[in-house]
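Number of protein chains: 2
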Amino acid sequence: MKYSQLFGKTNKTAKEYDSKNATLLQKAGFIDQVMSGVYTYLPLGNRVLAKIEKIVREEMDKIGNEIFMPAIVPTDLWEQTDRLDSVDVLFKAVGANKASKLRNDAEYVLNSTHEEVVTPLAKKFSFSYKDFPFAVYQIQSKFRNEPRAKSGLMRGREFRMKDLYSFHTSEDDLLDYYFNVATPAYEKVYKRLGIGEDTVIALASGGDFTKEYSHEFQTLCETGEDTLFYVKSKDVYYNQEVAPSKAPIIEQDQEEKEIQDVFGEGVVSMEKLVKFLDIPAYKCVKTLIYKADEKVIVAAVRGDYEINEIKLKEILNCKHLELADKETVKKITGAEIGYAGIINLPDDIDIYIDDSIEPMKNFECGTNKTNFHTININWGRDIDKPDKFYDFKLAKEGDLYPETDEEYKIYTAAEVGNIFPLNTKFSDSFEYTFTDENGDEQPVYMGCYGIGTSRIMGVIAEKSNDENGLIWPTQIAPYHVHLMHIGEDDQIIKITEKLYKELHESKIEVLWDDRDTQAGEKFADADLIGIPVRLVISKRSLEKGGVEMKLRSETEADIVKMDDILKHVQNCL
Amino acid sequence: MKYSQLFGKTNKTAKEYDSKNATLLQKAGFIDQVMSGVYTYLPLGNRVLAKIEKIVREEMDKIGNEIFMPAIVPTDLWEQTDRLDSVDVLFKAVGANKASKLRNDAEYVLNSTHEEVVTPLAKKFSFSYKDFPFAVYQIQSKFRNEPRAKSGLMRGREFRMKDLYSFHTSEDDLLDYYFNVATPAYEKVYKRLGIGEDTVIALASGGDFTKEYSHEFQTLCETGEDTLFYVKSKDVYYNQEVAPSKAPIIEQDQEEKEIQDVFGEGVVSMEKLVKFLDIPAYKCVKTLIYKADEKVIVAAVRGDYEINEIKLKEILNCKHLELADKETVKKITGAEIGYAGIINLPDDIDIYIDDSIEPMKNFECGTNKTNFHTININWGRDIDKPDKFYDFKLAKEGDLYPETDEEYKIYTAAEVGNIFPLNTKFSDSFEYTFTDENGDEQPVYMGCYGIGTSRIMGVIAEKSNDENGLIWPTQIAPYHVHLMHIGEDDQIIKITEKLYKELHESKIEVLWDDRDTQAGEKFADADLIGIPVRLVISKRSLEKGGVEMKLRSETEADIVKMDDILKHVQNCL
Chain V
1 MKYSQLFGKT NKTAKEYDSK NATLLQKAGF IDQVMSGVYT YLPLGNRVLA
51 KIEKIVREEM DKIGNEIFMP AIVPTDLWEQ TDRLDSVDVL FKAVGANKAS
101 KLRNDAEYVL NSTHEEVVTP LAKKFSFSYK DFPFAVYQIQ SKFRNEPRAK
151 SGLMRGREFR MKDLYSFHTS EDDLLDYYFN VATPAYEKVY KRLGIGEDTV
201 IALASGGDFT KEYSHEFQTL CETGEDTLFY VKSKDVYYNQ EVAPSKAPII
251 EQDQEEKEIQ DVFGEGVVSM EKLVKFLDIP AYKCVKTLIY KADEKVIVAA
301 VRGDYEINEI KLKEILNCKH LELADKETVK KITGAEIGYA GIINLPDDID
351 IYIDDSIEPM KNFECGTNKT NFHTININWG RDIDKPDKFY DFKLAKEGDL
401 YPETDEEYKI YTAAEVGNIF PLNTKFSDSF EYTFTDENGD EQPVYMGCYG
451 IGTSRIMGVI AEKSNDENGL IWPTQIAPYH VHLMHIGEDD QIIKITEKLY
501 KELHESKIEV LWDDRDTQAG EKFADADLIG IPVRLVISKR SLEKGGVEMK
551 LRSETEADIV KMDDILKHVQ NCL
Chain W
1 MKYSQLFGKT NKTAKEYDSK NATLLQKAGF IDQVMSGVYT YLPLGNRVLA
51 KIEKIVREEM DKIGNEIFMP AIVPTDLWEQ TDRLDSVDVL FKAVGANKAS
101 KLRNDAEYVL NSTHEEVVTP LAKKFSFSYK DFPFAVYQIQ SKFRNEPRAK
151 SGLMRGREFR MKDLYSFHTS EDDLLDYYFN VATPAYEKVY KRLGIGEDTV
201 IALASGGDFT KEYSHEFQTL CETGEDTLFY VKSKDVYYNQ EVAPSKAPII
251 EQDQEEKEIQ DVFGEGVVSM EKLVKFLDIP AYKCVKTLIY KADEKVIVAA
301 VRGDYEINEI KLKEILNCKH LELADKETVK KITGAEIGYA GIINLPDDID
351 IYIDDSIEPM KNFECGTNKT NFHTININWG RDIDKPDKFY DFKLAKEGDL
401 YPETDEEYKI YTAAEVGNIF PLNTKFSDSF EYTFTDENGD EQPVYMGCYG
451 IGTSRIMGVI AEKSNDENGL IWPTQIAPYH VHLMHIGEDD QIIKITEKLY
501 KELHESKIEV LWDDRDTQAG EKFADADLIG IPVRLVISKR SLEKGGVEMK
551 LRSETEADIV KMDDILKHVQ NCL
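Quick note, the sequences are listed as chains V and W, same order. Each residue of the first sequence is one higher than the one before, starting from 1 at the first, in this note's numbering. Each residue of the second sequence is one higher than the one before, starting from 1 at the first, in this note's numbering.
Think of the hints as simulated: they come from the structure by calculation, not from any bench. Hints may be right or wrong, so weigh each one.
The list cannot tell twin chains apart, which means a pair is met if one copy fits it or any two copies do.
In the DMTMM-like style, the derived pairs of lysine to aspartate or glutamate whose C-alpha atoms are separated by at most 25 Å in a straight line are [to be verified]:
(1) LYS130 to GLU497
(2) LYS2 to ASP355
(3) LYS101 to GLU322
(4) LYS331 to ASP293
Construct all of the structure, not just a fragment, from the sequences and the given hints.
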């Protein structure tokens with residue numbers, strides 16, 4: 001491809017977007033933002049996306065059948081799983097104007113995920129245990145009604161995704177496929193994409209589907225959205241959302257001080273409180289009133305922690321968990337919001353206390369009286385020590401892995417895939433069963449396996465760059481070679497054109513910057529675009545006997561003889 | 001691929017769907033209907049679709065840059081072209097439930113076409129005449145809010161489409177690309193898809209964009225939705241919607257009869273009228289009152305014709321044309337709907353009369369008086385003959401091409417592509433101009449070029465089949481070879497497996513029906529699926545010295561020696 005024929009040029013002065021990947025990819029002419037979270041893939045970006053999807057497709061073809069499901073489907077499919085009203089990222093498609101509604105006023109779901117489509121589909125084609133196991137996948141555009149989408153390709157309202165679904169006669173068979181078929185296939189994908197070495201598997205929440213963990217493939221990346229907690233002795237990564245944690249020991253007072261109620265008008269946040277009382281947050285207790293399904297409960301963590309609602313939900317074994325409203329708080333505590341504590345509570349309320357509070361002495365908590373906090377509370381003396389403490393704090397840096405008491409190592413990372421044991425959640429909704437060897441109806445076990453292909457493009461752009469621009473892994477670079485000539489000498493152009501053709505004929509993908517423009521601009525654009533091999537033909541290079549060759553990932557250039565150039569380039573691919 | 005591993009089996013007893021392609025493709029396991037006009041592509045269908053899109057992509061890559069635009073975009077893009085409220089197939093995407101709307105209550109257009117996206121995109125990257133011409137294209141899912149979608153893959157609510165857009169500095173340059181670049185590329189596509197010989201170019205309406213024709217690529221097909229009118233001497237096909245036409249001469253009475261008003265209560269349709277008066281429809285005049293933009297006009301054709309509103313609109317040079325409402329008809333004619341005629345009309349009304357009426361004698365028309373029709377009307381005696389007659393009848397079989405007076409040959413056909421000179425319609429809306437050689441701002445000329453890739457799959461299924469099933473052109477068949485063994489003899493299975501591997505290694509795509517099932521069922525499924533080459537290994541074929549080879553398109557099978565089979569198969573591809 002000649003640069004002069006390429007649609008969508010670099011724009012070095014483009015504005016800064018909300019994320020590094022969006023800024024870099026737009027400056028380099030890979031994508032164009034249509035609106036927040038929605039992009040056009042320009043030719044360079046489209047080539048990268050196509051290469052990512054080709055690799056994903058080749059590996060998925062080994063473990064499943066490719067199909068292609070529709071984006072719009074009847075709403076009743078989503079009603080059957082009770083998700084039509086609850087999935088808060090769901091879009092629907094409706095007639096856009098009066099004329100359209102007059103033609104057809106039906107409404108359709110615009111899928112954010114395809115369990116509701118694939119389950120009834122699979123049901124149509126599998127009946128007996130002999131038809132199992134099997135897996136189908138697709139690569140497709142998905143839609144999510146994101147309120148703010150500020151992470152470039154890493155979080156889109158419309159994005160590309162590969163989703164695979166597997167179907168099994170037992171949980172064992174599901175887990176066998178999950179760990180021994182799908183997981184290695186995913187690892188192969190990331191290896192081929194050039195991010196294998198930096199991609200780890202992290203345990204994450206199983207959501208409503210399973211008590212087990214789901215698994216995320218996370219690429220370590222300084223600007224990633226996720227925090228991983230690594231246990232070295234076990235070689236296990238936890239996503240922060242599920243990391244079990246123990247607070248490191250903090251030295252406590254020797255003596256018990258006198259308990260005291262302190263008047264502080266409007267002191268309702270931890271930030272205000274520590275300032276007002278002039279004590280550290282770890283001397284305080286944060287008490288929150290929750291509605292867990294239909295029941296009201298009290299949960300408390302040490303003041304320097306947040307409550308991890310995923311962990312708390314698991315402990316409470318409830319479906320819905322939300323902070324109680326003002327009226328409920330008042331009813332339970334007798335006070336306005338901001339003064340709840342674990343003392344002076346009604347006898348009949350269930351109180352859950354995080355184990356970070358257990359070793360505390362002379363601690364603070366709300367008095368359950370508006371404008372009052374109590375300090376110097378001590379276990380036994382001022383409040384009965386509960387039989388059981390829990391772990392529902394949001395793990396943070398410095399925390400220990402409870403089982404081994406070793407300190408976590410913390411990584412930031414970006415999710416590039418996730419796999420999920422769905423068990424019988426969706427087959428139950430669609431009454432999807434099979435007949436076993438004894439002629440009995442049994443529920444089908446399912447797993448789902450996602451890879452956001454456009455997200456991966458964003459993650460790699462986010463991760464693989466320097467101050468001059470993008471640095472693409474060879475496997476997904478838009479072209480292999482960025483060729484340019486310096487100077488408008490006819491002879492130089494002729495030699496460049498000859499090499500351009502030779503590279504082409506050798507199936508090496510080459511972008512030739514054929515513009516009559518300054519060398520500096522060509523070099524800057526080449527760095528910005530980030531194609532792995534740069535070849536420069538100039539008077540100087542010819543005098544030195546050939547072509548200047550430089551890898552984008554390195555700083556030094558070499559002169560390579562014209563006759564050897566194909567071989568040299570091929571060695572780099 | 002082994003048949004036992006293939007998801008989505010044949011279903012010979014599946015119900016009949018609304019179209020032949022939907023029925024055949026579902027019986028053969030290529031697609032699965034999710035709802036009217038919305039399908040899942042099963043592995044076989046997905047392979048066919050992918051092959052069609054690969055061919056389209058390869059040819060389009062020669063004439064444009066591939067990009068990928070989003071399906072959802074801000075509504076203001078469609079407001080700028082004044083199409084948000086008028087395009088009656090348009091969908092919008094909105095939050096599907098309360099929770100979703102709470103997150104983000106914005107609405108987006110779900111594109112049915114991408115002029116509104118590509119025009120502002122192109123504007124960002126082209127400024128000077130030096131940046132032109134250029135073309136970009138994409139292959140993508142599109143959405144149309146069809147009220148009834150009863151033609152299988154030939155008319156979808158969600159469908160796959162390739163759309164290319166070209167950009168030019170002049171109409172001449174646009175037309176040069178249109179006829180000399182895009183048209184040959186399209187012809188190459190259809191040739192490679194195996195429908196080149198049956199695909200013709202037909203002139204069609206230019207819609208609101210241009211006074212010129214647009215061009216449709218139409219594949220001749222008995223069950224097609226379109227009717228083409230062919231002028232042999234000119235070698236030109238017209239879509240019925242724009243075919244100029246002259247009614248063939250019908251012998252008229254010698255004598256003028258006495259004019260007479262006939263009372264006929266409630267005789268308001270041509271069908272009732274001809275029965276009531278016992279005269280043929282070609283002795284009658286059909287008179288309709290229209291609202292053309294803000295003006296009311298009268299239009300009349302001979303009773304056996306329909307009015308072609310596309311042609312009438314062109315003659316009237318109006319933007320909107322619709323039948324007048326009851327009140328307006330009453331005001332103009334003084335009668336209820338159904339009794340309008342070209343006599344007794346107010347002087348100030350414009351009357352347009354089709355040339356089919358010119359030679360008529362003793363003809364009927366409405367009296368413009370409720371329950372009355374007038375018969376034996378004659379030009380000159382009862383009504384002034386107008387200076388000018390028009391051609392706005394819908395052409396029908398037997399009609400003549402006015403220029404040469406030759407009778408049209410009629411074909412039914414299915415559209416497989418269309419190209420459209422958009423001229424400056426969209427660049428005007430987006431104020432998209434370029435700077436010419438003299439530094440002046442000039443409007444950009446655009447063309448658009450569509451191919452419905454899923455539609456093509458439907459058209460080929462509709463066209464290429466016999467009583468036993470589908471017959472795929474080799475280029476887009478899901479596999480090249482349908483291999484099967486007859487009998488569960490170990491030796492036969494071993495030989496079949498060996499051939500399966502050899503075919504595979506020779507890059508021949510093979511589907512092996514490895515089921516332990518009856519020969520009859522295997523043969524029937526092979527015919528239904530329609531893969532071009534069938535290879536059968538059985539005791540009988542081995543005794544005869546090899547493999548039975550049969551082409552799906554032929555009836556006779558041959559025995560081919562095992563050593564020659566690869567060569568024989570390759571010759572068929």
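Checked hints:
1. In this assembly of identical chains, the alpha carbons of LYS130 and GLU497 lie at most 25 Å apart only when taken from different copies (21 Å versus 60 Å within one copy).
2. In the homo-oligomer, the alpha carbons of LYS2 and ASP355 never lie at most 25 Å apart, since the shortest distance is 64 Å inside one protomer and 57 Å across protomers.
3. Taking the shortest Cα distances, LYS101 and GLU322 sit within 25 Å of each other only across copies (19 Å), while inside one copy they are farther apart (38 Å).
4. For a Cα distance limit of 25 Å, the shortest separation of LYS331 from ASP293 inside one copy, 18 Å, qualifies, whereas the shortest one across copies, 67 Å, does not.
Comparing the model with each earlier hint shows a violation of hint 2 alone; every other hint is respected.
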